[in-house]
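**Q** Here is what each chain is made of, one letter per residue.
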Amino acid sequence: MEKISPKAVKVWRISEAIVAGVVLLLALGTFILSLYVWDWLPWWISLIIFGVLLYICIFQVWLFPALKYKHYRYEVLEDEIKIHSGIWIKRRLSVPLFRVQNIDTHVGPLMRRFGLKSITLRTSAERIGIPELEAGRADGLRNDIRALINENTRREK
Amino acid sequence: MYNPEKLHPVAYLGSVVNAFKNLWIPIIVVLFNSREAIFSGNISLKYLLISGGVVIFAVVLFGGYDFLNKFRTRFWIEDGKFIYKDGVISNREKELDISRIQSIDFNEPIFHRIFGAVKLDIITPGEGIKIDTIKKSQAQSIQSILYNEMDQLDSSVEIGASSRWPREEAPVEDQPEQFVTLYQMTGKALILMSMTSGALGAFLAIVFGFINLIGANFLIERYFEVFEGLVQNIFLALGIAVLIFVTVGYIMGILILSIKYYNYTLKMKSDDLVVEYGLLEKKHRSVNVIRVQNIIIKDSIIRRIIGYYSLSVTITSDSLDSGEIDGKVELIPFIRKKRLYRIIDEIFPNYHVELPVRTVPFRGYRRYFQVMLTLVVIITGIVQYFWFGYAWIIGLAVAGIFIISGIYSARNTGYKFHGDEINMMTTGFFSRSHFVIKHEKVIQAEWVVNPFLRRADLGVITLVTAAGMVGSSASLKFIDKEDIEKIWNWAERGHSNGKDIAESGQSMEDQ
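Protein chains in written order, with this note's numbering: chain A, 17 to 173; chain B, 17 to 527.
In short, the hints are calculated from the structure, not lab data. Backbone N, C-alpha and C fix where the C-beta goes; we use that ideal spot for every residue, glycine too. Wrong hints could be hidden among the right ones.
Claimed, not checked - Mimicking DSSO-like on lysine-lysine, the simulated pairs with C-alpha atoms at most 30 Å apart in a straight line are:
(1) B/Lys151 x B/Lys299
(2) A/Lys19 x B/Lys299
(3) B/Lys497 x A/Lys84
Stated by the list, open to error - Sample of chain A residues facing chain B (criterion: CB under 8 Å; computed from the structure):
(4) Ala43
(5) Glu96
(6) Trp104
(7) Ile105
(8) Lys106
(9) Thr139
Given the sequences, and given the hints that come with them, work out the whole structure.
**A** Structure below.
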């Protein structure tokens, strides 16, 4: 089974850090507003937001990305895709390739800077994503899967 | 049908009605705000003209577009395709490949029935076409032509959409087949079904909500006056009032369901199943047997006691109504078990329906109710402490119900393989769903454990088949790891693959 790109941890941390930054601004904003502008706004509201900020910093930024990376594995076999994920609740997924209808790749601005790409497989019922792969690997995987699907299709016909 | 055809003339009336329907909120807002002017009695002609003019203008604007659109709508069959064309400013043309059509349905709401019109729904695995308001004769001829064309087409069906079909190998007679009625619900069964329907609970809730909404306090108070005269006890009076409400709601629910499912008929013509029912609004649904993704037999504890079950199948499409988003089509809502199995054998000779074996080990039982139990205990505790001294009695009763329900679920959950298909019994609150899934229809298998479950060697497995937009999933909860591995292997490739499993098992241990 393969792991995703180790850079993913960094990307996830940065994007969560951006969220944390927004929350920090929000918390500061509320604090200032409650002190100087709106009397009716209780000061402890900002405390709650600071609590949320703390949670985001500890779990979302620090702990989860590394753990998520550590526990995420995928494997593309001849006829199926397997994904193992989950930190606390372990989840194994298996999707037969011939049910895959569509393969999309996605690059976000952060991911582009790190040379990463994610893949989304669409079956007739659900979407399955493999996040944050090296760009070359993602394209290769997409082509491989596409080739496999085409081959299967031809064989069936 | 091979020439462009138009909609039923009454469709234009429908667009006017639709315009009013779309505008009812603004109209009410306007009326509400001008209530003083209206109630004062002296509305100036100018005011009337202006507001009336605005409303008419809006109706014309909203309805007119629809009107023109309907005027320009054409549909016809050409060269193995069903073509639908409309559009006012930009033209829109939709083509459906007849070979991909999986069902052709029509419904007759009351409004449509008065004028002999129907709503037509053509469903494919992808996009579909809905035609509102066409003549019933048109709809029927479209249906029969499409079905005949589908029969004439090669039996080549795309991958993944079909299961091997033994009947095709049998000699096919040439004359067009007639519809065979497989099942028709008798009046007695209809009433029994309505009486045991789980939807009744929901209906009661709606009725009570409604009573609350219209402020039936005063209604109940009225009743109290009557009852208090009879029984000098407020609790007894309350009890009787509630009892009367429940009974009335129950009877109304039975009536509504009986009207909805009136004259339920299941018919079959070669590979197409047709379901028809309804007294006021006639529903008509058809399902192509080849497109069926899985079979579901459902029951609830009450229906199981009297020996009745229901049969549904799932099909897949992007264009189902929101109510049918799971792609589930009920074929027979209420039927005796023996007859049900006979009918399944007749419709789906390639499926083997077999009652699954119970598989939940004893250590899994408590997991079926522990979460609900914790919730009940917490809620009861809070209510007991703050508001109501006797809350523990209710809490105990509710907890008991959940425990019994959990044990019932645990005792019934199970699975059984039969060649390339699996029979899975999944359970809910005093209800069971028996899924029959072919191996090639499985689009996803999911295996979930958390550390507690891993220590107990238990797990949850879900098999997903295509259906509507979300897929239809059957999950077996808290069964032994070995059983899960069996199902997992089966779902992966129909045979076990020792090496791979050992490998993935290891990676699970590593984590």
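**Q** Decide, hint by hint, whether the structure agrees.
**A** Here is what the structure says about each hint:
1. B/Lys151 x B/Lys299: 15 Å, holds
2. A/Lys19 x B/Lys299: 52 Å, violated
3. B/Lys497 x A/Lys84: The hint holds at about 24 Å.
4. Ala43: Nearest chain B Cβ about 31 Å off; hint violated.
5. Glu96: Holds, because the Cβ-Cβ distance from A/Glu96 to chain B comes to roughly 6 Å (cut-off 8 Å).
6. Trp104: 6 Å, holds
7. Ile105: Interface hint status for A/Ile105: holds (5 Å vs cutoff 8 Å).
8. Lys106: Constraint on A/Lys106 satisfied, holds at 5 Å.
9. Thr139: Because about 5 Å separates A/Thr139 from the closest Cβ in chain B, which is inside the 8 Å limit, the hint holds.
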